[in-house]
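J.: Here's the letter readout for the chains.
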Amino acid sequence: MGFSLSLEKANAILNELKKEYRIYAPKRFEKQGRYSDTDIIRYDEIDSIEEIVTGEKSTYSPKEVLFPITQTILYFTEDEYRETKMDDKKILIFMRPCDINARKVQERIYMGNGGFDDFYYKRLREKVKFVMMECTKGWDTCFCVSMGTNKATNYAAAVRFLEDGILLDVKDEELQGYFADVAKAPFEVEFIEGNETVVELPQIPDKKVLNAIKAHPMWDEYNSRCIACGACTIACGTCTCFTTTDLFYTQNANVGERRRTYSSCQIDGFDEMAGGLIFRKSYADTMRYKVLHKVHDYKERFGENMCVGCGRCTDRCPQFISFSHTIEKLNHAIKEICEQPVSQS
Amino acid sequence: MNHDIDIKNTRINCFRQSKIKGEFLLQMRVPGGTLDAKYLEFVQHICKTWGNGLFHFGMRQCFNVPGIKYESIPAVNAYIKEYLEGVEVGMCNVKMDDTEHGFPTIGGRNIMSCIGNEHCIKANVNTFALARKIEPLIFPGHYHVKIAVAGCPNDCGKAHFNDFGMIGIAKMEYHQERCIGCGACVDACSHHATGVLKLNEFNKIDKDDCCCVGCGECTLICPASAWTRLPTKFFRVLLGARTGKQEARMAKTFLTWVTEDVILQLFANWPKFSAWVLDYKPEYLHGGHLIDRAGYQKFKEIMLDGVKLNPEAKVADNIYWAETEYRRDIHVKPLAEHKKAGPGATSGH
Ligand code: SF4
Ligand code: SF4
Ligand code: SF4
Ligand code: SF4
Ligand code: SF4
Chain A
951 MGFSLSLEKA NAILNELKKE YRIYAPKRFE KQGRYSDTDI IRYDEIDSIE
1001 EIVTGEKSTY SPKEVLFPIT QTILYFTEDE YRETKMDDKK ILIFMRPCDI
1051 NARKVQERIY MGNGGFDDFY YKRLREKVKF VMMECTKGWD TCFCVSMGTN
1101 KATNYAAAVR FLEDGILLDV KDEELQGYFA DVAKAPFEVE FIEGNETVVE
1151 LPQIPDKKVL NAIKAHPMWD EYNSRCIACG ACTIACGTCT CFTTTDLFYT
1201 QNANVGERRR TYSSCQIDGF DEMAGGLIFR KSYADTMRYK VLHKVHDYKE
1251 RFGENMCVGC GRCTDRCPQF ISFSHTIEKL NHAIKEICEQ PVSQS
Chain B
169 MNHDIDIKNT RINCFRQSKI KGEFLLQMRV PGGTLDAKYL EFVQHICKTW
219 GNGLFHFGMR QCFNVPGIKY ESIPAVNAYI KEYLEGVEVG MCNVKMDDTE
269 HGFPTIGGRN IMSCIGNEHC IKANVNTFAL ARKIEPLIFP GHYHVKIAVA
319 GCPNDCGKAH FNDFGMIGIA KMEYHQERCI GCGACVDACS HHATGVLKLN
369 EFNKIDKDDC CCVGCGECTL ICPASAWTRL PTKFFRVLLG ARTGKQEARM
419 AKTFLTWVTE DVILQLFANW PKFSAWVLDY KPEYLHGGHL IDRAGYQKFK
469 EIMLDGVKLN PEAKVADNIY WAETEYRRDI HVKPLAEHKK AGPGATSGH
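Those protein sequence lines, which keep their order, are chains A and B.
The working numbering applies: residue 951 is where the first sequence begins, and numbers increase by one.
The working numbering applies: residue 169 is where the second sequence begins, and numbers increase by one.
If you're looking for bench data, these hints aren't it; they were derived computationally from the structure.
If a hint is listed, it holds; no wrong ones were tucked in.
Residues from chain A that keep clear of chain B, each with C-beta distances beyond 10 Å, as calculated:
| hint | residue |
| --- | --- |
| 1 | D1037 |
| 2 | R1073 |
| 3 | G1127 |
Calculated lysine-lysine pairs in the DSS-like style (CA-CA distance at most 30 Å, straight line):
| hint | chain 1 | residue 1 | chain 2 | residue 2 |
| --- | --- | --- | --- | --- |
| 4 | A | K1035 | B | K372 |
| 5 | A | K981 | B | K482 |
| 6 | B | K339 | A | K981 |
| 7 | B | K372 | A | K977 |
| 8 | A | K1231 | B | K366 |
| 9 | A | K1231 | B | K372 |
| 10 | A | K977 | B | K339 |
| 11 | A | K1249 | A | K1279 |
| 12 | B | K372 | A | K1072 |
| 13 | B | K301 | A | K981 |
| 14 | A | K981 | B | K290 |
Glycine residues also receive a C-beta, built at the ideal position from the N, C-alpha and C atoms.
With these hints in hand, go ahead and build the complete structure from the sequences.
T.: Following this line, the structure appears as structure tokens:
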């Protein structure tokens, strides 16, 4: 159902909605950027439509709402534990198509992976509805069209932002109720049909080629280029790794809370197992692991690529490592390997 | 040519005497060391028309034009009217009654600065914006003072080698909930700065606030924006450095965590302080010497007079400079030779 709303009317409805929902959208945090006098845009609760940053990609992904960077999941005493409580409010999140598609990617891990649901993700997810922000232009580092994630259909509402108002397509019945006194206006959301960055998806034909890729010198440059900061994975909407920490309230009683916090394969020490065994060591290795996971390994298991082409990893990398260029290099290496005479392999 | 030139007057006019008889080097101020690139052509024209075709980057970021004949000075001064009006009056809001006769004084030296946060990834402040605000407070003034602004504690702007050196610093805010406990900031702080961060048993950061230098290395490295700069810009102010043949020394901290507002109030007091020390008779004597004559306590009293310090501000109780004395006991002399400050002070020259 399509509607056209002035900003004033839209804000009035937003205020109505806020009684039932927490509403999250990309918001500007002035001067909080990595460099002096630069901003970051990240997800936070909003009070008005004007607060939503529409003309720039958010620095961090909306996954932070559903999967907070630090989350206390339970409290424990000597012999029992209790999950943290949540209030009854439902949640609306303004998201771009790529980010909505990234939910599917994460949810294959958090919900149903090996018949197991992550309780803490699921209980939040069940409260959430997506408001899709129309995205027709994208930015220089986006390659959602190549990844097939430029379109999304599983939204409760879709929105186009105009100078002085918004256009809405409201699919969700419960939400439709809030627009009873708004005149209907036809609105069909549009999607981006081509990005500046086009990526050819790597096709690794067999195990032999995969092994050759792993040994290929293409990864070596990352030993000197990557600084293992992990910024790429924190901003990525599809990375799912976390670590769990128990926080004891006093030194001599087993009373405390359990927290989980983002973690990353790109960061030093992430692979250290008890006993100091490290599987992947060099930054070439960690880069190879990340890239293959994003555009090959995950797909082998779930049939779809992990990466949704949002380009945030490239945007955030302080060393100017471009993820799409890395994929290109990978394609080049695959071609080189496949064209080698059989006797050599 | 048989010249009869008042060298002192040409010097005040920013034409410095050359070893070649009758020739001068024009020093053009570039407040903050950053200008619209259109002035490059302007300066090139002076070099080619009146100079000897060479150009020199002044050690204090001036445009230096060597080889100008004494006879050409009026023509050059007429030509640089446009520069004075564009750069000093227009860009820096300097009050100049006369722009027809070149630079009116050499007193307050060109305010230098590194490129700052206009470009630099390490910077915390816009350096030349501050320089341009200080400019009208010290220029045109006949009291000598050397000022520099650096964008961060790396001090590429050489704040440590000026009478006054400002270093841009930032207060960091820790967003505990965004911290992933990677420890990168801990390493960055100890490698590049002061080592005031540590990872605690909950995988979060403890900070010893006493000694943070406000450099921002933690913010630069943090992958999650768990460290961010607070929007207010702060400065450390270094004092009293000098080079030279007799008693070179590096600056020491005078103020820290002061805002721009405090700095501007401070420089508004500089002419008052200099005038008091020299009993209202400007002479070719650098700022550091004026501070020496007055003594730090007197300097502090006059310079901070009426200055409203921001709540975070800290002021040096005392300053103990370490000099390199190029002659033993350089400061030990008969009482009669001691330089005096204030009313009735006689010239040290
Ligand atoms: S990848 Fe870029 S263009 Fe595509 S939906 Fe996301 S933000 Fe829009
Ligand atoms: S790997 Fe990069 S482009 Fe792909 S989803 Fe993650 S952040 Fe976006
Ligand atoms: S952001 Fe860049 S430098 Fe940092 S871990 Fe990722 S690829 Fe390496
Ligand atoms: S700003 Fe302070 S805490 Fe951060 S790196 Fe510099 S000295 Fe360390
Ligand atoms: S760098 Fe950032 S995320 Fe890592 S420990 Fe420091 S504050 Fe936490």
